[in-house]
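Based on the sequences and whatever the hints tell you, model everything.
In the order they appear, the protein sequences are chains A and B.
Numbering of the first sequence is given in numbering that gives the first Met the number 0, commencing with residue 0 and proceeding in unit increments.
Numbering of the second sequence is given in numbering that gives the first Met the number 0, commencing with residue 0 and proceeding in unit increments.
Among the clues, some could well be false.
[What the hints assert, rightly or not] Ranges between beta-carbon positions, derived for each pair: (1) B/K120 <-> A/P191: 58 to 64 Å; (2) A/F98 <-> B/H145: 31 to 37 Å; (3) B/W38 <-> A/N145: 28 to 34 Å; (4) B/P80 <-> A/F98: 46 to 52 Å; (5) A/T175 <-> B/A132: 38 to 44 Å; (6) B/G85 <-> A/D131: 17 to 23 Å; (7) A/D129 <-> B/A132: 29 to 35 Å; (8) A/L92 <-> B/G20: 54 to 60 Å; (9) B/P21 <-> A/G152: 44 to 50 Å.
FYI, nobody ran anything at the bench for these hints, they're computed from the structure.
Ideal Cβ placement from N, Cα and C applies to all residues, glycine included.
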Amino acid sequence: MKVEVHVWDWPLRLFHWLLVAAVVGAYWTGKVGGEWTDWHGRFGSAVLGLVVFRLVWGFVGSTHARFANFFPTFSRIAAYIRGEWLGAGHNPLGALAVFALLAVLAILAGTGLFANDDIAFEGPLFDLIDKDLSDKLSGWHLRSVNVLLILVGIHVAAILFYQHVKKAGLIGAMLTGKKQLPRSLAPADAKPAGPIRLIASIAVALSVVWGVWGGEPLQALAKLAGVQNVQAGNKL
Amino acid sequence: MKTQLAIALALGAVTTAALAGPIEEQIRFRQSAYSFLGWNTAKIKAQAADHPETFNKDQVIAAANAIAAVANSNLLELYGPGTDQGTGWKPTRLKPEYFQKQAEVKELEATFIKEANELQKVAEDGDVGEIKAQFGKLSASCKGCHDLVRVRE
Numbered sequence: 000m001k002v003e004v005h006v007w008d009w010p011l012r013l014f015h016w017l018l019v020a021a022v023v024g025a026y027w028t029g030k031v032g033g034e035w036t037d038w039h040g041r042f043g044s045a046v047l048g049l050v051v052f053r054l055v056w057g058f059v060g061s062t063h064a065r066f067a068n069f070f071p072t073f074s075r076i077a078a079y080i081r082g083e084w085l086g087a088g089h090n091p092l093g094a095l096a097v098f099a100l101l102a103v104l105a106i107l108a109g110t111g112l113f114a115n116d117d118i119a120f121e122g123p124l125f126d127l128i129d130k131d132l133s134d135k136l137s138g139w140h141l142r143s144v145n146v147l148l149i150l151v152g153i154h155v156a157a158i159l160f161y162q163h164v165k166k167a168g169l170i171g172a173m174l175t176g177k178k179q180l181p182r183s184l185a186p187a188d189a190k191p192a193g194p195i196r197l198i199a200s201i202a203v204a205l206s207v208v209w210g211v212w213g214g215e216p217l218q219a220l221a222k223l224a225g226v227q228n229v230q231a232g233n234k235l
Numbered sequence: 000m001k002t003q004l005a006i007a008l009a010l011g012a013v014t015t016a017a018l019a020g021p022i023e024e025q026i027r028f029r030q031s032a033y034s035f036l037g038w039n040t041a042k043i044k045a046q047a048a049d050h051p052e053t054f055n056k057d058q059v060i061a062a063a064n065a066i067a068a069v070a071n072s073n074l075l076e077l078y079g080p081g082t083d084q085g086t087g088w089k090p091t092r093l094k095p096e097y098f099q100k101q102a103e104v105k106e107l108e109a110t111f112i113k114e115a116n117e118l119q120k121v122a123e124d125g126d127v128g129e130i131k132a133q134f135g136k137l138s139a140s141c142k143g144c145h146d147l148v149r150v151r152e
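What follows is the structure in structure tokens.
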């Protein structure tokens with residue numbers, strides 16, 4: 000007997016598919032280069048903002064989005080391999096992929112901020128470090144792409160395996176938010192996070208992106224509040 | 000007659016090598032060429048792409064002329080045998096595979112020259128949008144070589 004359980008709330012689903020779009024866009028524009036290089040910076044900024052959002056959401060978001068609730072501890076992984084794991088969100092092996100993907104995307108976005116291509120692109124924080132270090136970080140940026148490709152390959156292959164072999168319907172779950180789970184696991188509906196937590200998480204993400212591009216979020220907020228009139232620059 | 004031709008060819012080869020100089024000199028020359036290119040591409044990028052309000056036609060023409068001159072200067076003469084190892088202003092980042100990928104390298108050089116010549120033309124015309132678009136094509140041709148034969152730091 001299976002019941003429908005609401006597992007992924009809409010911010011998490013939107014995050015996931017926006018991240019897919021941003022990563023595909025960043026990968027493609029990075030490959031092509033030339034006139035698309037500026038767009039590579041923009042897609043990279045989107046990845047940065049999305050990853051920051053997800054990190055915050057991992058602490059304040061809805062039940063199954065929280066890192067503490069799916070952190071792949073050794074005992075959880077062991078239980079999963081023995082077939083004894085009970086849960087509604089990311090299974091422990093999937094959780095490994097989630098953390099690995101977030102880590103490599105954070106590295107890519109982070110190194111990209113300081114990178115240069117020795118042609119006409121400099122990341123928004125390039126000026127903060129010397130050229131030799133930027134060259135090194137650019138090298139690591141490129142190497143990390145290979146790691147990303149491997150992880151994405153594993154992620155997609157695993158999802159397809161669950162979809163077609165284990166009939167788990169994970170793709171549908173990431174679209175509708177709903178999973179069919181054994182009654183024994185219900186009620187496992189995610190406890191939603193309120194609008195204030197959502198707005199705060201988005202604000203943190205936007206502030207980071209705006210900040211690295213030379214904007215000054217705090218000053219702008221102060222200006223909005225009528226405290227001080229300071230113009231913030233913005234290269235985006 | 001044949002001997003003369005052989006001597007002439009041999010002399011030609013020796014002269015070319017001598018002109019390009021020893022390994023360190025070739026590496027230094029080519030590194031200088033790319034630094035100089037960088038100065039000029041940065042000017043065009045700034046004036047035609049990032050800050051079009053600062054566009055200065057004369058400066059952009061001068062930069063495009065300099066880029067075309069460097070592109071047409073037979074840069075590949077500076078990539079003699081053994082120049083995948085050595086230090087010019089700094090250690091070279093040329094991959095040893097460079098010497099096996101001659102066909103691709105020649106093709107990339109031809110593209111680079113073509114795009115640089117075209118940039119020179121559109122700079123003369125002075126249309127900022129066209130300069131920006133052509134600059135994109137030029138920088139893609141730079142990337143072609145970087146991806147193919149340049150060592151990652």
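* To do: Look at the Cβ atoms of A/F98 and B/H145 and judge whether their distance stays inside 31 to 37 Å.
  => Roughly 32 Å apart at Cβ, these two residues keep to the hinted range, so it holds.
* Asked: Has the hinted range 58 to 64 Å been met by the Cβ atoms of B/K120 and A/P191?
  -> holds, 60 Å
* Given the hint of 54 to 60 Å, check if A/L92 and B/G20 actually sit that far apart at their C-beta atoms. => holds, 59 Å
* **CB-CB spacing for A/G152 and B/P21 relative to the 44 to 50 Å hint** => Holds, since B/P21 and A/G152 (Cβ atoms, about 47 Å apart) stay within the stated range.
* Does the Cβ-Cβ separation between B/P80 and A/F98 fall within 46 to 52 Å? -> holds, 48 Å
* To do: State, for the Cβ atoms of B/W38 and A/N145, whether the hinted interval 28 to 34 Å holds or is violated.
  => About 33 Å separates the Cβ atoms of B/W38 and A/N145, which means 28 to 34 Å holds.
* Asked: In this structure, is the beta-carbon distance linking A/D129 and B/A132 contained in 29 to 35 Å?
  -> holds, 32 Å
* State, for the Cβ atoms of A/T175 and B/A132, whether the hinted interval 38 to 44 Å holds or is violated. => holds, 43 Å
* To do: Mind checking the hinted window 17 to 23 Å against the Cβ distance between B/G85 and A/D131?
  => holds, 19 Å
When held up to the earlier numbered hints, the structure conflicts with none and fits them all.
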